[in-house]
Structure formats: C-alpha cells, structure tokens
Amino acid sequence: MVRSKITGVDFVINPYLGCTHGCSYCYAAFMAKYARLHSGWEWGSFVEVKVNVVDALCIELQKSRKTGRVLLSSVCDPYQPVEKKYELTRQCLIALQEHGRPIEILTRSPLVVRDLDLLRHRTASVGLSIPTDSDAVRRELEPNAPSIPNRIEALRRLREAGVNTWVFIGPMLPMNPERLHAAVSDYAGHVVIDALNYRGRVRDLFLNNGWRHELTDEYARTTARALEMLFGSRVSHA
Numbered sequence: 003m004v005r006s007k008i009t010g011v012d013f014v015i016n017p018y019l020g021c022t023h024g025c026s027y028c029y030a031a032f033m034a035k036y037a038r039l040h041s042g043w044e045w046g047s048f049v050e051v052k053v054n055v056v057d058a059l060c061i062e063l064q065k066s067r068k069t070g071r072v073l074l075s076s077v078c079d080p081y082q083p084v085e086k087k088y089e090l091t092r093q094c095l096i097a098l099q100e101h102g103r104p105i106e107i108l109t110r111s112p113l114v115v116r117d118l119d120l121l122r123h124r125t126a127s128v129g130l131s132i133p134t135d136s137d138a139v140r141r142e143l144e145p146n147a148p149s150i151p152n153r154i155e156a157l158r159r160l161r162e163a164g165v166n167t168w169v170f171i172g173p174m175l176p177m178n179p180e181r182l183h184a185a186v187s188d189y190a191g192h193v194v195i196d197a198l199n200y201r202g203r204v205r206d207l208f209l210n211n212g213w214r215h216e217l218t219d220e221y222a223r224t225t226a227r228a229l230e231m232l233f234g235s236r237v238s239h240a
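If you read the sequence shown in the working numbering, its first letter stands for residue 3, the second for the next number, and so on.
Simulated from the structure, these hints should not be mistaken for lab results.
Bear in mind the structure is a predicted one, so any value in this text is a computation, not a measurement.
One should not assume that every hint holds.
Simulated crosslink set (DSS-like; lysine-lysine; CA at most 27 Å straight-line) [to be verified]:
| hint | residue 1 | residue 2 |
| --- | --- | --- |
| 1 | Lys86 | Lys52 |
| 2 | Lys65 | Lys52 |
| 3 | Lys52 | Lys68 |
Have a look at the derived ranges for each label pair, beta carbon to beta carbon [claimed, not checked]:
| hint | residue 1 | residue 2 | range |
| --- | --- | --- | --- |
| 4 | Ser47 | His192 | 47 to 53 Å |
| 5 | Val4 | Gly102 | 15 to 21 Å |
| 6 | Gly102 | Trp43 | 34 to 40 Å |
Built from N, CA and C at the ideal position, the CB exists for glycine as well.
Based on the sequences and whatever the hints tell you, model everything.
Take a look at the structure:
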C-alpha cells in the first residue's frame, strides 16, 4: 500500500505487475521495465503475481495509523484474468474492510461481480472503465480486454445489488456520446472523463481505422462537452 497522487484516493495497491488486458494506449506500459521475471517482454504479454502482497498489507494495517481511501488499482487491472486463480484482490479487500478502510475499485472486468458480498459495504465504490460505446473500437484498441456489453452488464449487476458505482470514460476513444450515455446512465452514480494523453502510441491504429479526427484536441473538447451535457452534474474530469 503506497501513497497515491490520484485525486480522491490516498493510497493504492497493485496486486499484480503487468496487465494482460494490454490496452494499446495504456499509460502504465512504463511499468514493464520493473518486471523481474519477464525482462524485455512487451507490455500486455505478461503478469507477475505479487504473492506476498496480502501478508504485507495485513502487517502494514496492523502497525500503521494511516487512514484514507485505498484504490485497487492504478497500474494494473485488479480483476484481470489471473485474479480468478490467485484472488489477491479479494483477499486485499477482506483485509482492508477488517480494518475499516474505505475502498475504491477501478476495473474493466466483469470478474468484479464475484466480490459482490464485499463490495456492498457502504464504504466501497466500484468504477467500470468504459471508454467507448463501440465494441468494434474496443476490439481494435483493447483486443484482450472484456467486451463493452459485458462491462455494462457487470455495472448493472453491481448497481442493482446496491453497490456504489461509477463509470470512467477515459481515455475518450472514438464513440457516440449519446449511445454511451443511454447504455450506462442508469447505473452510474457519477462519471469521470479523461482525454487521450498518449496519442503517439496509438496514432497508426487510429489512422488505419479512419479515426484521424479522433486524435485531435477538437474531438476531445467536443466529446467532453457532449458528455457534460448528457450526464450533467455527475461529470468530473480526471
């Protein structure tokens, strides 16, 4: 558990190094240089399991008087496929709740629904990353991540189970804002939006798909304005 500079959270836990979702635009790709077992591997092609993370967290929680909101996670998806086997995220949630820590989750994965029994707690909040309404766009830019319909279904199930839910529309990929709003509005307590900050990394992918305009500042501005109008006071910016 380390201090976080992310607005709205105080600490962050990353149970895994690497993320097999391997989104093409991911800002966390720089983490590949810290891989011990997969030195030189491309980001998205590996994941290293921090097998001692739960024990270390429990020791820290017992010794520390630090308080504040804890995010899972910032440079990996806490519910990427390997979590189904190792359950490190679930075990971290249990430890945090035993010590009364408020929890923030950010994920692309429907696997988060597995932990409904823990996430119904009033101090927990779950965000689903849904940066486009189009699964065709997702297949080009996030080919290994869960489908957009499956994410929306997970969001619905969480919301209807009484979980505090929100949506992260970031980066704003090629989309139809009206369709995205219609798909998630009923299940999002609030919405956080963010622009595409690492355009050079995906420039060729965008151009090859005819998304030249979607690389521009103008697209970012107009899409943000459209989302602000649709979601109203529920919108904030990352």
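Going through the earlier hints one by one, which of them does the structure break, listed in rising order?
4
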